[in-house]
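**Student:** Chains as they are written, first to last, in full-length UniProt numbering: chain D, 1 to 477; chain U, 1 to 477; chain A, 1 to 477; chain V, 1 to 477.
Calculated directly from the structure, the hints in this document are not laboratory data.
Identical chains share a label here; the pair holds if one copy fits it or two copies do between them.
No more than 20 Å apart at the CA atoms, straight line, and that leaves these computed lysine to aspartate or glutamate pairs for DMTMM-like:
1) Lys373 to Asp330
2) Lys468 to Asp415
3) Lys86 to Glu348
4) Lys186 to Glu403
5) Lys213 to Asp275
6) Lys227 to Asp402
7) Lys46 to Asp472
8) Lys86 to Glu69
9) Lys459 to Asp320
10) Lys46 to Glu33
11) Lys68 to Glu58
12) Lys401 to Asp23
13) Lys186 to Glu266
14) Lys401 to Glu25
15) Lys459 to Asp330
16) Lys178 to Asp259
4 protein chains.
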Amino acid sequence: MPIRTGQQYIDRIDALNTYISLDGEIVTGKVSEHPAFKGVMQSQAKLFDLQHQQELLETMTYESPTSKERVGMSFLQVITPEDLVKRRYAAQEWALSSHGFMGRSPDYMNTTLMALASASDFLKDKPNCFPEHLLQFYDDAREHDLTMTHTFIEPQVNRKRYYIEDEEVTIAAKIVGKTSKGLVIKGARLLATQGGITDELLVLSTNGYDEWKAFGFSIPSNTAGLKFLCRQSFVGGDSTFDHPLSARFEEMDAIVVFDDVIVPWERVFYYENVDVANHFMNVSGFQAYTLHQVLSRQIAKTEFVLGVVQSIIDTIHIGDYQHVQQKVVDIIVTLETMKALLLKSEIEAQRDQFGFVRPDLATLQVAIQIFPKVYPTFTEIIQLLGASGLMSIPSAQAFAKDEGDLAHYLQSFQDGGEERVQKFRLAWDLTMSSFGTRQTLYERFFFGDPIRLSSILYKSYDRGHLVKRVEDFLNRD
Amino acid sequence: MPIRTGQQYIDRIDALNTYISLDGEIVTGKVSEHPAFKGVMQSQAKLFDLQHQQELLETMTYESPTSKERVGMSFLQVITPEDLVKRRYAAQEWALSSHGFMGRSPDYMNTTLMALASASDFLKDKPNCFPEHLLQFYDDAREHDLTMTHTFIEPQVNRKRYYIEDEEVTIAAKIVGKTSKGLVIKGARLLATQGGITDELLVLSTNGYDEWKAFGFSIPSNTAGLKFLCRQSFVGGDSTFDHPLSARFEEMDAIVVFDDVIVPWERVFYYENVDVANHFMNVSGFQAYTLHQVLSRQIAKTEFVLGVVQSIIDTIHIGDYQHVQQKVVDIIVTLETMKALLLKSEIEAQRDQFGFVRPDLATLQVAIQIFPKVYPTFTEIIQLLGASGLMSIPSAQAFAKDEGDLAHYLQSFQDGGEERVQKFRLAWDLTMSSFGTRQTLYERFFFGDPIRLSSILYKSYDRGHLVKRVEDFLNRD
Amino acid sequence: MPIRTGQQYIDRIDALNTYISLDGEIVTGKVSEHPAFKGVMQSQAKLFDLQHQQELLETMTYESPTSKERVGMSFLQVITPEDLVKRRYAAQEWALSSHGFMGRSPDYMNTTLMALASASDFLKDKPNCFPEHLLQFYDDAREHDLTMTHTFIEPQVNRKRYYIEDEEVTIAAKIVGKTSKGLVIKGARLLATQGGITDELLVLSTNGYDEWKAFGFSIPSNTAGLKFLCRQSFVGGDSTFDHPLSARFEEMDAIVVFDDVIVPWERVFYYENVDVANHFMNVSGFQAYTLHQVLSRQIAKTEFVLGVVQSIIDTIHIGDYQHVQQKVVDIIVTLETMKALLLKSEIEAQRDQFGFVRPDLATLQVAIQIFPKVYPTFTEIIQLLGASGLMSIPSAQAFAKDEGDLAHYLQSFQDGGEERVQKFRLAWDLTMSSFGTRQTLYERFFFGDPIRLSSILYKSYDRGHLVKRVEDFLNRD
Amino acid sequence: MPIRTGQQYIDRIDALNTYISLDGEIVTGKVSEHPAFKGVMQSQAKLFDLQHQQELLETMTYESPTSKERVGMSFLQVITPEDLVKRRYAAQEWALSSHGFMGRSPDYMNTTLMALASASDFLKDKPNCFPEHLLQFYDDAREHDLTMTHTFIEPQVNRKRYYIEDEEVTIAAKIVGKTSKGLVIKGARLLATQGGITDELLVLSTNGYDEWKAFGFSIPSNTAGLKFLCRQSFVGGDSTFDHPLSARFEEMDAIVVFDDVIVPWERVFYYENVDVANHFMNVSGFQAYTLHQVLSRQIAKTEFVLGVVQSIIDTIHIGDYQHVQQKVVDIIVTLETMKALLLKSEIEAQRDQFGFVRPDLATLQVAIQIFPKVYPTFTEIIQLLGASGLMSIPSAQAFAKDEGDLAHYLQSFQDGGEERVQKFRLAWDLTMSSFGTRQTLYERFFFGDPIRLSSILYKSYDRGHLVKRVEDFLNRD
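One chain only, chain D, in its complex shape (with noise of 0.2 Å):
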C-alpha cells in the first residue's frame, strides 16, 4: 500500500545507514534510536500514521492515478479550484500534529516535487533536460511515500554583491565530471534540515551563472560520496517535562558535502543549462504551492503560540492590564491576517499556463512578508509577560525530589507549582532555549532573505494601474 506507516518509514531510515557526522562521531546503528534524531522521528512517524486513521483518510489521502491505492495529499497535482482547498486540509492536519514546528514535515518537500512535476512541460526538448527523469521520480515518490529534504543555498562565503566564486577552489557543489554512470559533484550545499532522516535529497541549484553549477536531481541520502555534517544538537534531553519542544521537534540541519558523488542519469532533471536553471523555479508553481502548505503551517505555529500566552497570562492572572491585551491583540490581528491571505489566494487560484490551478502568487508573496517580522515578536511578547517566570524553572528531576517547596513556592494563580513550571518551562522552549531561538532564526529566513524576497515583490506587483489612477485625477476637472 503506497502510504506508509510510520515504523515503515521509520525502518526504511534506519535501514540506509546514511553518512550522517555529528560532534565529530559518525552515527552508527539506528539513527532513529541516537538522542539527536529520535524525537523527530518519532513526530514525523506520527505524520506518516495520521494518514491511516480512518476518519482521516479522505482528508490525508486521495487515489492514485497509476496504482489506484491511497497515496498522500501532499502530493496531489492541482486541476480544480477544490483540490487547493483538499492540499489546504492534509497541511492544517499534519501542521495541527506538530503544530506548526517542523518546517520539513514531508508535506514541504511533497508538494516542492509536485510543483515541478506540474511544470515539467517546460524542460521538453530542452538541451540536457530530462522531464521524463523528473515524472519518474515524482511517482516513485507518490507511490512510496519518500522523505526529502534539499539544499537550495550555496555556502556563505561572502555575501558581498555579484561575488562570483573563483574556478580554482570549490566550495559550493559543481559538476567536475561526466561518466557512463552520471554526473560527478564536488563540493557542499546549505542547509540541510532534516538532513541524514529522509530518503532522498533533492538538489536544485538557483543561479546557475556557470554551467557546472547549473543542476537538478535527487539522489538517496545513502549515495556513496554524500556526508550530511550536522550542527551541534538542540535537543535538551529526553524529559517532555523539561524540553517539551526540542524532545519532540529538533529537526537538525547539515552541511551537505558532495565528495565525487555520481547523480545516476536517470536521476538527473537537467544539466548544463543555465537557462532552465535560471528559470525552472520561477516558471514552475514552487513558490505559489509551497507557500500555500507554508501559511498553513505557520497559522497552526501562531495559533499554537497564542494559546501559550494565554495559558501564562491565565496563570499569573494579569489579563486585565492594557499592555497585555495589546500584546495579545497583536498575536491575533496577525493570525486573522495569515488566515484571510490564505483564503484569498485560494480565491484568486487561475490556471497556469501548464495547465494547473495555482493560488495567487501575489497573495503569498504579501503573505511571506509578514512571518519573518511578526515571529520574532512573539519571542518579545513572552518575555515580557512571562518576566521572572522563564527563570523559575526547575526541572522534572528537581520536581521529582521535591518534599514540597517548588510545588507550593511556584504556584500561581491558578496553578500548583509544577503545573504552573510546565506551562513556562514551554514558554520557555519556544523562544529561549536553543531549540525556540533556532525556530526564529528559521523563521526570519524560512523563504530566503527578506530583503530579496521585498525586491522581488516589488518589481513584480502589478501597480501601473493605480499610477494612471493618479495621472487621471491630476488631469481632470
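Chain D is fixed; fit chains U, A and V onto it per the hints.
**Tutor:** The following block gives chains U, A and V in isolation, referenced to the frame of chain D:
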C-alpha cells in the same frame, strides 16, 4: 424617482438654511457656494450622479421593496451572502470616486441606518422604545435618498476613567424635558463630520449611564435650536493644482449644540432606557456592516497612496534603492491584507438573530486594528521619499507667471517642472497640508479609541480552544 | 557699534530690494511688511535686540579682536574649551527665544562662517583658492552683524546613484564664464531657508565632480541676476491665537536661481578646484561647530514639545494612564539624551590641526542620528493624546463672536473653552498645520539625507579596538 | 589584608557548604568544582585577582578608613565628585574583565551596601531600626571583601494589581516569630542571582504593606534553614570554543526559601516598621549609586556586542550594504548615548541630605530606560546579519576530528572554517543559547518592571517650568 441627482442633493441642502457657524460668522446664502463647503458638496453630488449612470445602475441601486423604484445600494438589507457582495461593489465604486478621502460619504450613514433598522426587533416591547419610528425613518431615508451625519461621542472635558459629569453643569447633550411634541435636548456632542451639509443628524448615545443621556433619534439639520459650530476650514483654496485634495474633499467637522432642541416623538427611537442605549448598537449589525463599508473605502485610499508613492518614485527615479522598495512593499502588504480581510469577512458571514446575514465581525475587528496604525506611516514614507521635493512647491499662480525658470529648474527625470510640482503638491496635500494631517488624525480614530478597540477584541475573540490545545499538548504522552 | 539692533536688521533687509518671487508676484515695497515674511523678521529682530539687553551682554557678545567693540558670540572662534561653553550659552539663549523653530537663526550661519574661516589655512597656496577673501568676509560679517542663508544642494532631478548631469543642459548652478569682475554663475540651487530676508547668500558646492561646479563664495542677496523663487507661504494668518507658531516663525524656503550672476573676485573663496571643493567642508570644523549649535536649538525645541504635551495632558486630565506616561517618558529620554551628548561633545573636545578646539565630532554625529527619527514621533504622540481635541479648534474670530457656546462646551478639566482651544491650536500648529509638517520634514533632513549620515558614521566611527577585544577574548585561555 | 584574592574567595565559598539544590540534587563537595558553578566562580575569582595587580591597585582599591589597609573601590563612600570618577574607573575595569556579562559582579552589591550605609542616619531613632547594625555590616563586608547576593522581589503568584497575599498561606517570606536570638523568617523570595556562591544574602523588603513583611537584614548563605533552589543550569559545557560565554559567566538564579530561618538580631537593620521599609531604599542613594555602576557594565557589554557584530560583518564581508551599516550605527548610537548619560550623571552630581555626593538620578533613570529596550534588538541585528552562519556551527569536537571538510567548506572571506565558526558560536552564545536568552531577559528586567520604571520617571521628572514656558509663550504679545 427615489435616487436623487447631485443637483437635487445640492438644492435640498441649500434650501435647509441650517444654522452653521464658521469663524464667528453664520453661514447665509447657499451653503453650496461657500468656500468651505462647495468643493466637498460637488464631490458628494458626483456620488449621487454616479447612481444614474446607466452602466452603474445595477451596481449602485436596487429595486425598493416598497416603491419598486431604484434606491441606493447602501440601503440594501442583507438577506443572502450575495447581497454582501453587491454592497461591496457599490461601496467600492463610491470610494473610488473620492479615492477614500470622504469618511462620511452617504453610504457610511446609510449603512448605519440599515444596520439599526435590521435590528429593530430588539426594541420591540421594551419601555420607551419605538421600533416603528426607526423603521419608518429608514424607509424615508431610502426613498428620499437622504444624507445624514451623526455624533456618537461626548465632549472631551475629562478623559479620566470613570468620569461622570456633574449633574449641575450640562455639557454633554441630555434630556432636559419632555413635552407633548417631543423630547427636549440640551447640551453638546462631538464631532459631526459633514455637519451642516446633510439632511439629517442621527444621534445615538452609547454609554447611557444615566437615564437622561439614554436616547436615540434623528432630526433634520435645520431643526430649531440645533447649531453646527465649525472648526477652521482646511480648504486651502480653489485651485486644484495647489490643493488637489482639500479643494474637493474637505468634509469639515462641527461641534453640535442642542439649544433646547425639541425632537418630535415620531423621530424618537428610544429614550430613558439605559439598558437599550447601552446594548442596541452592539446587538445590531452596526459594527459589522459599517466596517465592511469602511474597509472598501480604506482600500481605495491605500491604492491611491500607493499610486502617489509610485508616481514620485518614478518621477525622480529612485526605484532601485532597496529602502525605497521596502517602503513600497510595506504599502502593498497593507493593501493586500485589507483586501484579504474583507474577503474573509464575507466568506465567513453568518446569519444573525434577526435573520440577516452579517459579515464576520472578528475579522473586521482585526481589520480596523490595522489602518489606524499603518495610515500614519504613509506620511512618513512620503516624506522620506519626497524630501526637499515636498518643499519645492510653487503655486499654480507662480507657474502661470513663470518665465521658464520654474519649468526648467524643477524638472525631474520624467516630468517638466509643472508636472512634477503637481505630483509633489498632491503628495503634500495628502500628508502635510492641514487637510492631509486631519485625514491622518481621522484615520487614527475613525472607529474609536484604538486602545478601547483592542480591549474589545481581546475580550471577544474566541481562543479558549487554543489554550485547551496547549494543555492537551502538555498532557500528552 | 558692530552688534545690530532688530530695527537695524529690518531696515537693512528692506533696503536691499532683493528679487523675491512668491506666487508669481515679485515682492515690492518693504519685505518686512509682507505677510509671508513679517512674522519671522520680527522674531529675528528680537534675536538682535537680545544682544543689547544689559544682563545678556556677556552671554551674547564678546569683544571683537579688531574693532574692540561687542560682536555676536556665534562669531567667536574657539581657542579654549571655555569658548565652547560660551558659544553654547549664547546658542541656548537664542534658541529659547524662538523655542527652536528657527533653523536659520543667524547663529547657524555665523557658526558656519566661523568654522570655515578657522580652517582657511587649508586653502593656503592651493590653486584658485583665496583664503584671504574668506577671512575678510568673516571679518565683515562679524563687524556688520550680517545675516546669511546658504544653499548646499543641487536640484533633485534624479536621485539615482551616480547620476551626473548632462553637460548640455544646465540645471544645477555652475561656472559658465569668468570675467575681469568675477565668476559668472548660471543655474539653480536648493533650498535656501530664509532666502530673501538675509544680507548674504553663502554658496559652497560639496560634490564637485566637475571643475565648473567646484566653487565657494558669498554674495549679497540683491546681486544682479540672483532670484529667490519661493514656495507657497505657510503663514496661516496674523492671529497668534490661531497660528501661534506660523505667525511668528515661518522661515520660507526658496529655490535660488543664478541668471548669469557675476560673483566679484574678492568674494570668491575658491573655484575650479575639485579637490578643495570636495574636502574643505570636511576638513574644516563645519560639522562639529554647527552640530554643536544645532543641538542647543533641538534641545530647546524638545523642551517646548514636552511643555506642550504636558499642558494637554493636564488640561484634559489624562496623566494617570500608563500609555500616556510612557509617551511623556519617551520625550524625556530624548531630551536628556541630547543634553548628555551635547555635554559629552564639549568634555571630549580636542584641538584641531588649525589650532582651534573642536567639540567631539563622533558624539555629535551620533546626536544628529536621533532627532530626525524622534522628532516625527512627537506628532504621533500629540495626535494620540490630543485626539478629537485637535479638531475642535474654532478660530479667534469664532471666540470673539461667541455668545458662550464655545467657552462653555469646549471647557476642559482645567481650562475654559478659549484657554483650552488655545493650547490645542498650539499643538495643532506644532504638528498638523502646513507650518508644523514643514518643521517635521525639515528636522528629518536638517543635516542631510539620514541614510548618508549613517553611512558616514559607519565609516568614520573608530571600533577596531573593539573587534580586537573580541578576538583577544576568543583567543584567551 | 582586606582585599582578597580569587583563591581566597573560592576557598571561603567552598567552606560554607551552603544548601544548594539543583535538578533535585543537593550540591555536595566543593561548589567551585561543580559544572554549573565552576566557570562563573573562576571569572569572579579573576575580579578579585585584578585588585592585586600592581598597576591597578590605585584604580581598584583605596585605603580603609578603619584598618588603613587597601579595600575594594566599590565600597568607597562618595565625599567628593572625584570619588564618583574613581568608582567609575573601578567599575569599568571589572566590567571589562567579564565584558558586562556578570550582573552580580561583587561591585553591584558592594555599591548597594555602601548606598544603604551612607543613608543609615535615616534609620536613627526610628522604632525597630538599627542603623548601627547596618554600619557594622558595611564595615565587615568591606574589611573582609565579602560577596553578596540579594532578593528584592516576591514570588509571582498573581501579578494582578493590588494583590495582597492571604494571611493563611505563606508564600512570600515573612516574619513568623521573634526569639531572643533573632527574627524567625519563613517563606520564599525571588530571584537570587549567584545564589549559593556568595558569602551573604542581603534581604530588603520593598513593599511592606504589612508589618510582617517589613524587614531588612543580611545573613550568611549557610545559615540554617536557608535554601537556594536553582533553575536548570545554562552552562552549555566546558568547551570555551563551543560555549565561550556560558562556560565562563553563567551566574545561576535561585529561588530562596527560608525554612524558619533565624536572623540574628545583630544582623537586623530594621523590622516591623512599614514606613521605613517603604522608604529607606528610595531615600538612600541606592538607585543613583547602583545605576552609576550598572551603566559602566552595560557600556562594556555594548562595546562587546559592537565588536562581535563588526567581526561577523568583516568575516563574511557585508559591510557595504546600507542596511548593515544602519544596524551598526544603531549600536553606536546606543553606546555613545549611554556613555554620555554616565558623564552627565557625574557632572550634575549633587550632595545629598546625608552629606554624600550622588550622581544625578534623573539622568540615570533615563539611562535605565534605554538598555531594556535596546539590548533585545542586538539579538535581532545579529540574527539578521549572521543568518545561516548561526546554524552552521559544528562543535569543537567536530573540528577536532574533522578531516578537512569543515575547515574548507565553512571558510569565509576572512577566516578559515574553524576561526569563522568560533566567531559565529560566540554570536550564537551571546544571543541564541539558553545563556544568551537569559541575558536578554535579565537586561529587560534588570532594574525592575520597565512599565513601573517609566511611571516613576513620569512622576519624578521636573517639568513644571516647561509647562510654564508654554503658558508664557501663549500669553506673550
